[in-house]
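*Asks:* These are the residues of each chain, in order.
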Amino acid sequence: MTVSENVLDVKNLVMHYRTRKGPVYAVDNVTFHVGKGEAIGLVGESGCGKTSIALSLLKLLPTNADILNGEIRIMGDDIVPLPEKKMNKRRWRDISMVFQSAMNSLNPVFTVEDQILEAMLEHVPHLSEEEMNEKIDSLFDLVGLDPSLKTQYPHQYSGGMRQRAVIAMALSCDPDLIIADEPTTALDVIVQDSILKQIRDIQKELNMAMIYISHDIAVIAEVSERVGVMYAGKLVEMSSTENIFHNPIHPYTMALMSCFPSIVGEKTELVTLPGEPPDLLAPPPGCRFHPRCPYVTEICKEQDPDYKEHTQGHYAACWHPGGEK
Amino acid sequence: MAQKNGKTLVNINKLSKLFPVGQGIFGKADSFVHAVSDFNLQIKVGESVGLVGESGCGKTTTGKLITRLLDPTTGNILMDTEEGPVDIALLKGKEMKTFRRRVQMIFQDPYESMNPRMTIFDTVAEPLNVQGIGSMSDRETMVADLLETVDLVPASSFLFRYPHELSGGQRQRVAIARALIIKPDFVVADEPTSMLDVSVRTGVMNLMQDLADQFDVTYLYITHDLAVARYMCDRIGVMYLGKIVEIGETEDLLHNPKHPYTQALLSAVPVPDPTYTRNPIKISGGITKPVDPPPQCRFYNRCPLADEYCKTHDHPPRKEITPNHYVACYHA
Numbered sequence: 150m151t152v153s154e155n156v157l158d159v160k161n162l163v164m165h166y167r168t169r170k171g172p173v174y175a176v177d178n179v180t181f182h183v184g185k186g187e188a189i190g191l192v193g194e195s196g197c198g199k200t201s202i203a204l205s206l207l208k209l210l211p212t213n214a215d216i217l218n219g220e221i222r223i224m225g226d227d228i229v230p231l232p233e234k235k236m237n238k239r240r241w242r243d244i245s246m247v248f249q250s251a252m253n254s255l256n257p258v259f260t261v262e263d264q265i266l267e268a269m270l271e272h273v274p275h276l277s278e279e280e281m282n283e284k285i286d287s288l289f290d291l292v293g294l295d296p297s298l299k300t301q302y303p304h305q306y307s308g309g310m311r312q313r314a315v316i317a318m319a320l321s322c323d324p325d326l327i328i329a330d331e332p333t334t335a336l337d338v339i340v341q342d343s344i345l346k347q348i349r350d351i352q353k354e355l356n357m358a359m360i361y362i363s364h365d366i367a368v369i370a371e372v373s374e375r376v377g378v379m380y381a382g383k384l385v386e387m388s389s390t391e392n393i394f395h396n397p398i399h400p401y402t403m404a405l406m407s408c409f410p411s412i413v414g415e416k417t418e419l420v421t422l423p424g425e426p427p428d429l430l431a432p433p434p435g436c437r438f439h440p441r442c443p444y445v446t447e448i449c450k451e452q453d454p455d456y457k458e459h460t461q462g463h464y465a466a467c468w469h470p471g472g473e474k
Numbered sequence: 157m158a159q160k161n162g163k164t165l166v167n168i169n170k171l172s173k174l175f176p177v178g179q180g181i182f183g184k185a186d187s188f189v190h191a192v193s194d195f196n197l198q199i200k201v202g203e204s205v206g207l208v209g210e211s212g213c214g215k216t217t218t219g220k221l222i223t224r225l226l227d228p229t230t231g232n233i234l235m236d237t238e239e240g241p242v243d244i245a246l247l248k249g250k251e252m253k254t255f256r257r258r259v260q261m262i263f264q265d266p267y268e269s270m271n272p273r274m275t276i277f278d279t280v281a282e283p284l285n286v287q288g289i290g291s292m293s294d295r296e297t298m299v300a301d302l303l304e305t306v307d308l309v310p311a312s313s314f315l316f317r318y319p320h321e322l323s324g325g326q327r328q329r330v331a332i333a334r335a336l337i338i339k340p341d342f343v344v345a346d347e348p349t350s351m352l353d354v355s356v357r358t359g360v361m362n363l364m365q366d367l368a369d370q371f372d373v374t375y376l377y378i379t380h381d382l383a384v385a386r387y388m389c390d391r392i393g394v395m396y397l398g399k400i401v402e403i404g405e406t407e408d409l410l411h412n413p414k415h416p417y418t419q420a421l422l423s424a425v426p427v428p429d430p431t432y433t434r435n436p437i438k439i440s441g442g443i444t445k446p447v448d449p450p451p452q453c454r455f456y457n458r459c460p461l462a463d464e465y466c467k468t469h470d471h472p473p474r475k476e477i478t479p480n481h482y483v484a485c486y487h488a
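So the protein lines, in turn, are chains A and B.
Sequential numbering from 150 applies to the first sequence in the working numbering.
Sequential numbering from 157 applies to the second sequence in the working numbering.
Just to be clear, a hint being listed does not mean it is correct.
Calculated pairs, EDC-like style, for lysine to aspartate or glutamate (alpha carbon to alpha carbon, straight line, at most 20 Å) [what the hints assert, rightly or not]:
id: 1; chain 1: A; residue 1: LYS416; chain 2: B; residue 2: ASP429
id: 2; chain 1: A; residue 1: LYS170; chain 2: B; residue 2: GLU321
id: 3; chain 1: A; residue 1: LYS416; chain 2: B; residue 2: ASP381
id: 4; chain 1: A; residue 1: LYS450; chain 2: A; residue 2: GLU473
id: 5; chain 1: A; residue 1: LYS416; chain 2: B; residue 2: GLU238
id: 6; chain 1: B; residue 1: LYS200; chain 2: B; residue 2: ASP390
id: 7; chain 1: B; residue 1: LYS339; chain 2: B; residue 2: GLU238
id: 8; chain 1: A; residue 1: LYS416; chain 2: B; residue 2: ASP390
id: 9; chain 1: A; residue 1: LYS416; chain 2: B; residue 2: GLU405
id: 10; chain 1: B; residue 1: LYS438; chain 2: A; residue 2: ASP337
id: 11; chain 1: A; residue 1: LYS346; chain 2: B; residue 2: ASP429
id: 12; chain 1: A; residue 1: LYS185; chain 2: A; residue 2: ASP226
id: 13; chain 1: A; residue 1: LYS185; chain 2: A; residue 2: GLU374
id: 14; chain 1: A; residue 1: LYS416; chain 2: B; residue 2: GLU203
id: 15; chain 1: B; residue 1: LYS438; chain 2: A; residue 2: ASP295
id: 16; chain 1: B; residue 1: LYS445; chain 2: A; residue 2: ASP337
Have a look at the derived ranges for each label pair, beta carbon to beta carbon [said to hold, decoys possible]:
id: 17; chain 1: B; residue 1: HIS411; chain 2: A; residue 2: GLU391; range: 24 to 30 Å
id: 18; chain 1: A; residue 1: PRO211; chain 2: B; residue 2: TYR318; range: 26 to 32 Å
id: 19; chain 1: B; residue 1: PRO450; chain 2: A; residue 2: LYS346; range: 27 to 33 Å
id: 20; chain 1: B; residue 1: SER350; chain 2: A; residue 2: LYS346; range: 34 to 40 Å
To be clear, the hints were calculated from the coordinates, so they are not data collected in a lab.
Source: prediction; values computed, not measured.
Even glycine gets a Cβ: it sits at the ideal position worked out from N, Cα and C.
Extracted from the complex, chain B is given alone in its bound form (with noise of 0.2 Å):
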């Protein structure tokens, strides 16, 4: 099982992602959205890293990829293994069903991730079955400790009722259950808490925290909320068009945000607090789509402290400024 020894768990490399657009019939595609572009990240054993972005900047991306649910255009994405680091886009066979076991993915709704005909005790023993542990008694017991575990109590009440059933709150529990009854090293947790409502939610934030205590997971968790991210995640990872512009340890990058893209999302955050005034930074414009984009920084037509230099070098490489805290800017 895995321990918080400082090992890397996942080292992703100059991972890129390029979906074709404007295809002819017969011709080859002339342009690409460059969903995800020259993206880097170590996620080290026993850690939650958070993934912030507006929507279409290539989070959600990122995550399948991660989880081999999209193979990368180039680049690759290795993960520790008994054997040492592993490229995962080379797994065949029993290798890849071994890394499907490693890997979970818990979805953003609970509404549309689980097949309404199957009862919860079928959802959740699905992976058990596809891997094959345990016999039909086992997986009875441990679906049923699980479904404790994670709140749903007793669990003999919810065993063989249908989602239909359950509230959202509740599903999303089956979810995060499923995923984990196969012990996973590592959780891939898409916008987890998004769709639910605020009383429900910090349940099942503490929930996923406590399980990651008890089972040892790993989490990556892509959310567009920055106080979400802020309880849940020991690094956030701020995405802008397919890129990291900058990653630090949670509250060193919420109080010194040194990418003026982090410094403007961060501003515009509200605060629940009416007392609480904000100083929003204005920058321009929309995010767009990512296009056949030129080779300067990607924030360039937004960026308030954008000159000659960022327009004629390319995209700035990523520097750390602080121990851990990286950014990538000309200007930071």
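Chain A with its partners taken away, still in its complex shape (with noise of 0.2 Å):
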């Protein structure tokens, strides 16, 4: 695939905090890349550094944060060495996102409606009023809301409804990528539902290529094409949706898919896995997993693996994939 083809390319990125404790490298030499009109999905626990990845792509990160080294790739461009006058016009217009608390990203003195004009006034100004005022109507109702209910104040709206808003003002400007920061983590099961449905028929409907970041799996399996898994700063697997669920070789991986229970199917035995992620001001020297892993040997101990290709686009870093010693 060449680099045109692809909407986002990442390549060796590594981004640190600068903590009095010294550097934690939240995002530690990760590569991967988004197609066109694909969606794909970052699992891993709290503290893997899926959120950091997030705030990287659009160079929102806190005053304290350093990309040290990687290209990310829009279109083409590169954006890490862009100075932020010029990253500004890009968010919203070529990569927007939605975040995981919907009340924080909205302003509680603004109806919905300013907000989004906001948005279009700064990204889109060639558009009139009029495109502007039908372009919102139609993104309401595209999201599933009732476009009377655009003059209203966040407060005056349910958190499903809230998330649904926020939708469609990362919407407003048609942007190329969306990255999805758990959007539904805070809402209940049917509301959820519902809107991972929307999501994905958007989606699919505008072509538009996506990251979906979540903890939990099975949000997951529903909505991306590809899965990336990430542990301690690293991504350690990815592949299609399918083989991460079906056919994982790295052991995180096969671990997180045997601890997370479900209510279909036979009740299995949910795998449990020692110790607890570890620390990234002081991560463990070789491999992050190392210490929890079942198959470890001397090398993992001593050298990180590298993230490489295994079969047709499964990559994975690990010395013993699959479990093979």
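Quick one: dock chain against chain with the hints and give me the complex.
*Replies:* Written out as structure tokens, the structure is:
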């Protein structure tokens, strides 16, 4: 696949947070790509660097965070060296984000309509006022909200409606790529289900690329075509959703798949993974998963395995893929 | 010590809890949120019962009523004692202290439910101090033994640490140890694993089950996650706006849901298998606050089966449709 076919190409991205106790390597040498119209999922536990990747892609990092190395190419252009002013032009238009807590990403003193208009005036100013209003109405329809609600304030919305409004806002400037960071985590299952369905339909209809971030592998299974699994700042495995769920080769993914309870199918024994995820201030040497890995050998303790392609399109970073010795 | 002999440990009858809203400065409240209304449940010795439902359905309020952190508006909770069933609302003094020893609670957030200035030893030993059990050296051995049981090994390295030095999973293990140190008969666990990461959660779930067998504990397990409830509970009750709409044995309920709300809820749970296709049942609207609800079925406004009969009659009574499987619906 050539570079220009991908909406997003991330190569060897390294990002750390400077803290008083030393650098925290939240994103360590991560490489992946997102094709046009493709929906990928990133899963991992809290603190594994999922959200840090999202913030790096938008360059919305806090002041104590630095991108140390790597490229982030959006439609072929590397955005890492871009100054803030130019980056700001690209946010929303090329790449936009749906955050986890919808209430915090909406301003309580403006109506929802005004907030979407604000983003549009900044990024797509060539549209006339009428076109913008039409666009907002059609966006509300698209995300399943009544357009007459647009003049209301965020506090008048329920949790699910707010999340829908935030999705409408993220879509307002027709971005090529949307990053959704745990968009349904705070919602009840029935609402979550209808929003997931809506996101899936919109993504297919607009043929938009999407990165879906969640800790819930069941949600990821439903929305993504390819899945990347993160552990302690590293991408440890990435492949088609089918492969990740039915044919995982990294021991962490294998454990993750067998410790997740489901309400359908046979009630199987849930596997317990010993220990806890490592502290990123002092990650273990070698493979970061080795203290918890059932297949650990000497080499795992000393050398970090390369992230490489094992079968067609199936990448993993492990010395003993699939548990082989 | 309790044994599985089919004896009822907790018997909840027509329990209701109303919270006033719209109260003036001097005036009486004119409307009420019916957080729990006409709630009936029997929990047998040694059983673990799950309460599931969406946020705002009254699960946590029910848990607080059973542990008497709240007093009911009407109805009663009978707890089995040596002198037969006793209404917990009437307990005083010494009897109340015994009740507190027999009933414990595990909270959702292990970051909030512990005093940051107390060491792990002090935290776990506090119930022993309150109940006046054992001498200081006895307490030390009891705490150390229990910490080993909940897999905080070696216990000596945890005893004098503070909560902030532990991870979420370890803290929840401490919370479990604190609840079990005085050998309660009944534990109310309010979302004990929902703040934990998946790879840690399974360990805590298995631990709670092992301890239930080891200490003969009866659990009421409150959760919004049906998949977790499947692994933790013998029976599951589905709550909707303060009422149990359906209750049955776990696998029976998951495979043959009869209430339209249970059916919709189950069909909305995402499945961790990309080859599995769900058929979600669409129900309209969202959960609302039950402020002065009309007498008809609580689910009437969202129900796909609702008809004139549901509209003109009171909330349907619970009926047994197959052995041990109860549903409150006119159309089930």
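*Asks:* Does the hinted range 34 to 40 Å hold for SER350 (chain B) and LYS346 (chain A) at CB?
*Replies:* Violated - the Cβ-Cβ distance for SER350 (chain B) and LYS346 (chain A), about 24 Å, lies outside 34 to 40 Å.
*Asks:* Hinted pair, alpha-carbon criterion (20 Å max): LYS185 (chain A), ASP226 (chain A). Please report holds or violated.
*Replies:* holds, 15 Å
*Asks:* Does ASP337 (chain A) lie within 20 Å of LYS445 (chain B) when you go C-alpha to C-alpha?
*Replies:* This hinted pair holds, its Cα atoms lying about 15 Å apart.
*Asks:* Are the Cα atoms of LYS346 (chain A) and ASP429 (chain B) separated by 20 Å or less?
*Replies:* holds, 16 Å
*Asks:* Would you mind confirming whether the straight-line C-alpha gap from LYS450 (chain A) to GLU473 (chain A) stays at or under 20 Å?
*Replies:* holds, 16 Å
*Asks:* Does the alpha-carbon distance linking LYS438 (chain B) and ASP337 (chain A) stay inside the 20 Å limit?
*Replies:* Between LYS438 (chain B) and ASP337 (chain A) the Cα gap is close to 14 Å, so the pair holds against 20 Å.
*Asks:* Hint check: LYS339 (chain B) vs GLU238 (chain B), CA-CA at most 20 Å. Holds or violated?
*Replies:* Holds, at about 16 Å.
*Asks:* Quickly compare the C-alpha distance for LYS416 (chain A) and ASP381 (chain B) to 20 Å and report which way the hint goes.
*Replies:* holds, 15 Å
*Asks:* Mind checking the alpha carbons of LYS438 (chain B) and ASP295 (chain A) for me, to see if they're no more than 20 Å apart?
*Replies:* With a Cα-Cα distance of about 18 Å, the restraint between LYS438 (chain B) and ASP295 (chain A) holds, given a limit of 20 Å.
*Asks:* Hint check: LYS200 (chain B) vs ASP390 (chain B), CA-CA at most 20 Å. Holds or violated?
*Replies:* holds, 11 Å
*Asks:* Measure nothing beyond the straight line between the CA atoms of LYS416 (chain A) and GLU203 (chain B); if it is 20 Å or shorter, mark the hint as holding.
*Replies:* holds, 19 Å
*Asks:* Taking 20 Å as the top limit, are the C-alpha atoms of LYS416 (chain A) and ASP390 (chain B) close enough?
*Replies:* The hint holds at about 13 Å.
When held up to the earlier numbered hints, the structure conflicts with 5, 20 and fits the remainder.
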